[in-house]
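S.K.: Respectively, the protein sequence lines represent chains A and B.
Each residue of the first sequence is one higher than the last, beginning at 1 in my numbering.
Each residue of the second sequence is one higher than the last, beginning at 1001 in my numbering.
In short, the hints are calculated from the structure, not lab data.
Just so you know, not all the hints are guaranteed correct.
[As the list claims (entries may be wrong)] Just the calculated beta-carbon pair ranges, DEER-fashion:
#1 A:Gly-257 x B:Arg-1073: 28 to 34 angstroms
#2 A:Glu-258 x B:Arg-1073: 44 to 50 angstroms
#3 B:Glu-1114 x A:Ala-291: 57 to 63 angstroms
The beta carbon of each residue, even a glycine, is placed where N, CA and C say it ideally should be.
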Amino acid sequence: MDDSFSTRALTRLTFGPKPGEAEALRRTGLPRWLDEQLSPADGQDEACQRSLDACRLRIKYGAGDGWTAVEEMRPLASLTKPIDDLWPLSDGKKPFAGPERQFPRLEVTAATLIRAVHSRWQLREVLVDFWHNHFNVNAGEQAVAAALPSYDRDVIRRHALGNFREFLEAVGGSGAMLVYLNNRSSRAGSANENYARELFELHGLGRDAYLNALYNKWREVPGAQAGNPAGYIDQDVYEAARAFTGWAVEDGAGLGGEQRLPATGRFVYVESWHDNYQKRVLGREFDPFQAPMDDGKRVLSLVADHPATALHLCRKLCARLLSDDPPDSLVKAAAQVWTENRRKPDQIRRVVRAIALSREFADHQASKVKRPLELVASFARATAVDFTATNGLIGELDGSGQRLFGCPPPTGYPDRNEAWLGAAAIRRRWTLLLGLAENWWKTGPLDTGLPFPGPVTAQAATDGWQRALHGAAPDPAVTQAILIGMKLDPAATLTPGAKDGDAKLRRLAAYVAMAPRFQAR
Amino acid sequence: MTHPSFAVTRRRLLQGGLATGLSLIPGLPHVAYAAGGAAPAAVTGAETLVVVFLRGGADTLNLVAPVDDPDYRAARPPELRVAEDGPAAGVRLAQSLAPGVDFRLHPEAAPLAELYQGGTLAIIHAAGLSDGTRSHFVAQDLMERGVGGEAELSRVGTGWAARWLAENGVSGVGAMSAASNTPAALMGYGSALAVADLRSGLAPPGGAQAADVLAGLFRGADGPYASAARSALSGLSTIDGQLPRLPDGKVAPYAAEGGAVYEETEAGRGLQTVARLLKMDIGLRLAWVDVGGWDTHEHQPGRFSNAVRQLSRALAAFYADSHRDHGRVTMVVLSEFGRRLRGNKSQGTDHGHGGAMLALGGRVAGGRMLGQWPGLASHQLDRGVDLAVTTDYRAVLAELVGASVFPNWSARRLGVLA
C-alpha cells in the first residue's frame, strides 16, 4: 500500500484525510484500520465530544400567542433527550414558535457536521450518512423534527454497523418513520400503503424486484408458489400494508369512546387497529389472528431475507464506497457475505469490511463527485480548521441541494454524480469553500500557520495547498491557473499571520479546493 | 393556423441532402419534427415548452372530478372529492368528452377554470402510463425517459426532452430546470442549466478574480465535475450579464407583467424564474419546473387544497406574465400517476394509475377535455381499483415535441394544439 492508495481509501471510507492520516494508514495497514473503525467506542471520542459540547446555535423569534420573544445561543441539548421530552413540539395546539419546532433538525444537522469533521470514528459517520439517506425521513414535517434526535441516536447510529433485520424493525417502529410514511394512521379496512410500498421498493428488495408490470397475480411471479418469489407486485404491497396496521405512535389519537393514546411520541401497537385476518406476502401464508405485531415482524423477516434485498443493499453500499455503477463482481461477492451473515449481530460490519478489502476497492480511482456535506467536511479536515457548525453554514448547506434531514421524497438524496452538477449547485459548492476558507459563517478561522510555518512564495503556497488538499503532488496547470487568475507573481512572498498574507493564503486554499482533484472522491 | 409552416421532417431534410449544418439554417431551430414513417404527418409542435411535473402522484380525480358519477361519490368521502353544490362547489367545465357527466375543477383551481373558459387550457383525462407500475420512481423514470415500459429503460439512455432538443440542434442555455439539479428528461443534454432563483444574481462567489481563476482551472480539464463546471460558468455568466441591476450592483427586483403576482411557493418561484429567462431572449426552448407535495397518503383534504391553490395561482401568474409570448410558449402539466379511486382510512389516497394532464398556451386548442373517459365502475377500472389509462402520456407530448422523440411508438392525433 502506498500513500496514493491510502489517500484514495480515506477519501471514500472517511470524510477525507486530515494532515498525516494517509501516512498513518499506510503504516497501520487497511485491515487493522478497519478493525478499529468498525468497533467504535463512544467514550473514546473526546475531541469530538468537546466540539459537540461547545457548539452553540442561535435561535431568534418574536413574541407570539403564548410565547415571549427569544434571542439566544443554545447548546445542542436535544441530542440526548428522550422523544417524550421533544414530542410536545409536534403538537400544533401548543404554543411554540416555528423556530422552536424546527430547532431539533438544526441541532442534529450541526451535530452531523461536527461529527463528520471531528469524530475519530469516521467510517461510522460515513455509514450513518448512508443509512440516513437509505431510511430517509423529512424533518420539514414538525412531528418528524421532534422525533429526529431519537431517530438519529437510537435507530440510525445504534444499528449503522449492526444487523439489517434488527435495523428494519427499529426503523419500522420509530416515531420518525411511522409519521413520515404515515403508518401511524393506517387502519384495518383500508390500510395506508405508503410504508409497506417503500419498505419493499426502497428499504428492502429494490425497484428491480418490483415485477408489477409483468405479473397481475401473486401466483404468477416465478417461484411464488414454492414460497420463494423472484420479486414483489402490488398484491404483496396491499397485504404487507394490512400486516402493519396497528403499528403506531403515541400521538394522542382517539381510540374510540373517551379513550385516547397518550402523547409521548413512543411506539405503540394498537390491537384494535390491526387487521387480524389471514394474509399472503411474498408467497407465504399468514394465518389469521397472530400474536401482537407478529404479522409485521414476519414481513420484515421476509424482506430482510430476500435475495433481492441483499443485492439491492450491497449495490447501494458499493455505489457509496466506490462508484455510481460499481462492478457486478463486487456487488455479488458482498451480497454473499450479506446473506451468509444475515443472522449475525454484526452483519453490516462484515459486509463493509469485505467491500473495503476487495480488489475492486483497491483498484478503484476516484470517480464520485463529493456531495456538499462531504465537500464541507473534507475541506475542514484537510485544512485542520478548528471547526464548529453555525446557523450561517447550515443555511448555506441547506441551499446547496443537500438540506440534511430535509429531503422530501423517501429515496433520500441521490448518490449519482449527475444529481450534484447543476449550474446553481456548482456555484453553491464554490460558495461553501470560499465561505469556509474566509470564515464567513464563523465556523472557525483557517490557520495558515499550520501548513506554512513561515513566509512562503505564492508558488510554494499554491503547491503546498495542493499537497494538503489533493493528497498528491502539485499539478503545474492548477498552480498556473490560480496564480494567473489572482494576478499573483509566483515569487511574491506571502506571510502567514499578516493580514494580506492570510487573505491571500486563504483564497488560495479555496481555489485549490475548487479544482477537480478535490471535488471527487 | 398560426404556427410556423416548416412542416417538414428531419428525415426528409436529411434525405434531401441537407444533412450538414442543419442547425445553422436560419429559421430552422424553431421547427419540431414529426415522426418518419408511412404517413408524412405534418405535425408542428411547441416552439418553447414549459413542463410542470407534479412529483408524488397528483390526485387528479380530485382536481378534474366527475362530481355526479355515482361510482365516484360512493368511493370517496366528501372531503376527498369535489362538491356539486354548497360554498365549496367545483367549477363546472363545458366539455364533450363525456356528455352527461358533470366534470368540475376543484374550487381552488378557479384560476385554471378561467383559462379553460378562455380557450387556452385543455385537459386530457385518463392519461398516463400504459405500464402498470405504481412506484413513484419507476413511473417518473418512464415518463422522463419517454418510454412505455421498464424493459425499455435499459435501451433508452436519454430523456425525451434531451432528444427533442438534440433534434432541433439546441445547446447551451437552451434548456433549464428551476431546481438544484436537472430532471431525467434532460439526461443526455449535457449542459442544461439548473437555477432555482435569479434574485441574488448568478455570478460566482469571489468576484471577477474568482471567475478568472475558475475559467483557468477548468480549461482543458476533464471529468464530470470539470465539464459541468465549465458549462455552469458560461451559462451562469450569460444569464447574470442580462439581469438588470440597481445602482448598488444588486439585481433589480423582477417586475412581472400582465398583473401577474407570483407567490413564494415552489411553483411560484420556479415559474417566475422561467418567465424571467424567457424574456431574456437567450434562446430558451425547454424549461422544467418540479412541484412536490402531491403524495397525499394522509391528511389529503387540506394538503391537496393548498397544493392545487398554489399550482393554479402560479400557472395563472405565469400565463399573464408571459402574454407577449403566448404564440410560442406551450406548457404541459403532468404527474407520474393518479391516485386510487377509493380513499384509505388516513384521510388520504394511495398510488393509482390514470390521471389528468393539462396543456396551456396561446396555441392550445383549449376549453376542451380530450382523450376518452373510461368510467369508474368496478369493471371499468384498471385492475379493479384505479382510473384506467386511455391516453398514453406520450400522445400528449408527441403533439408538442413530435412523435420521433419517442422510440418505437406512434399514436393517433389528439388535437392538443389548434
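S.K.: Hint by hint, which ones does this structure get wrong, listed from lowest number up?
M.R.: 2
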